[in-house]
Amino acid sequence: MGLLQEVFQQLVNGLALGSIYALIALGYTMVYGIAKLINFAHGDILMLGAFAGFFVLITASAATPILYIVSFVVAMAICAAIGVIMEKTCYKPLRNAPRMNALITAIGLSFFLENGARVFPPIGPNPKQFPTLANVNFNLFGVNISQVQIIVFIVSIGLMVLLNYIVNYTKVGKAMRAVSFDRGAAYLMGINVNRIISFTFAIGSALAAAAGILFSTAYPQVEPYMGIMPGIKAFVAAVLGGIGSIPGAMIGGFILGVAETLTKGFISSQLADAIAFGILIVILIVKPTGILGANVSEKV
Amino acid sequence: MMNKRVKNSAILLGISILILAAVAVFIRTGVIDEYTAQILTNAGINVIIALSLNLITGFTGLLSLGQAGFMAIGAYTTAVLVMQLHLPMVVAIPAGGAVTAFFGFLIGFPTLRMRGDYLAIVTLGFGEIIRVVMINLDKITGGAAGLKGIPPFSEDFTWGPIISFAWVYIFMVLIIAVISNLINSSPGRAIVAIREDEIAANSMGINVFYYKMYAFTMSAFFAGIGGGLYALFFGYLNPTMFNFLKSADFLVIVVLGGMGSITGTVITGFILTYLQEFLRILQDYRLVIYPLILILMMLFRPAGIMGTKELSFVKLFTRKTRVKGGVSQ
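Respectively, the protein sequence lines represent chains X and H.
Position one of the first sequence corresponds to residue 1 (my numbering), numbered consecutively onward.
Position one of the second sequence corresponds to residue 1001 (my numbering), numbered consecutively onward.
Heads up, a few of these hints could be off.
Here are the simulated distance ranges between beta carbons [claimed, not checked]:
#	chain 1	residue 1	chain 2	residue 2	range
1	X	F181	H	V1090	44 to 52 Å
2	X	N164	H	L1275	23 to 31 Å
3	H	H1086	X	N135	53 to 61 Å
4	X	F266	H	L1137	14 to 22 Å
5	H	H1086	X	S268	30 to 38 Å
6	H	L1275	X	P121	50 to 58 Å
7	H	P1151	X	N194	53 to 61 Å
Derived coverage of chain H by chain X (criterion: at least 3 residues anywhere in the stretch with Cβ under 8 Å from a Cβ of chain X; other residues may be distant) [claimed, not checked]:
#	segment
8	1103-1114
9	1288-1298
10	1303-1311
Read the hints as simulated data drawn from the structure, not as lab findings.
Ideal Cβ positions, reconstructed from N, Cα and C, are used throughout, including at glycine.
Model the full structure from these sequences, guided by the hints.
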């Protein structure tokens, strides 16, 4: 295989991975934009979503396309509910507390979900094989594209378009943008801020659940700590694109996915995990608000 | 004033020596068994690193999630200095701290320009990068397989546990003394001012970046010392020991003890390290209870058990002799 083909192969892999990162990053960026909080437990919602999908899929002997769609619906619904519960019980009481408290709560929540899943008998500490659809490979000018990659790409792009529609063209989306812009003023205009924040958590968590199933389809294994790394990387993607910006999260996700697979393919797979942080640090030094982030001046 | 300071130090020194002697006697006579002695030593190391984290997170108000990375630098440096260059431990441990401080200084430059959540995530990133570098520098660090055969504090079987404890304890007392003096000094006041309100501190003429760097480098130094002690105490190092979970362990100690309280960190450091061993009977459930405590603490008592209060032995001793109208600490 020629070098050019190799590069294209890695680009395809990178785009598939990047679209998963973008989906997770959207949850981060929306929650951050509206609640001004890094939801550290977002990666663990991904894990819960992957397990919800797993339990749906193992009900049948082989994964069928219909069951696969059902697993998406179930996982997204369950995770949306968990996201809302999480927000109501843990984050809402801290909304006016110092930022550090909310961040520490989020870290605690993340550990709670991971280790809770570990001791929860049906999940348990051991990795489990994720049932996948029969794999078909397509060959395009010597570049291999798998069916899984196509599914990942189509589903994530579809969800992003749907999200874009919700945020930009619906009433609740308008309310979300208003809360994000100025919570106090939105409240005075009669927007139910609590409901909007809960809704944001629900959407973000549902997207994470979908990403969880896609992630487990691409890397067919589920375990309680599987959400940590994708979670952190998606956060990096969100910051990279400019946290709070939805197109930014998508761009950041794709950049990160491509950068990671290129590192894996051409430099060293060991360094791939560090590359995300390297990019983050460089970006924050050069443009602290990310690629599409707005410059905010400090209010004195 | 000078008299009071001398008195202050003398009382603390006396109490420290008493505690050390008492523990040594207890270990020797078997009141404290070897297992408990190890837990105590481990607790001392945890206290040192938690104190270093408290300096940056509690006193300066910068949430750092990469403290285990600094600990790793100190641990590997000390181990390599002792194993390859055969430096005496008493030199190698501070040298490990100094190297860590140097890296802290380098990392601080880009990092400390950020605020709040960004800073937290970037420190986390640096912690992870340090870990990946440790895995890749396999000629020096042994890579993913780890570094074995680090000489212990003492080969002696009967006195070993006491000597290990004494090493850690002495460093702990020294670091407590340095940090508590630092906090009450002029840079310390500047640091606390930055925590309370960065913009106000800046407009009062405090060089915010300088003092953040100061606190961050000091914090790295102490974490490096803690790491060095850790390496010599356990005799084995592996990059996976220094992951994000380890950093979070120290954060839990600091948060529960009270961000900005040295006493709180020391007390919770010992209690939590013991509790962790004690809760082993609960197996994995321990890992669920732990974060639950953290969340409940944040919801119901966000300041931690001590808040920013300190326990002062001097006050206990001088309460009766205090003159009316005199300036108290």
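List of violated hint numbers, smallest to largest
Hints 1, 2, 6, 10 not satisfied by this model.
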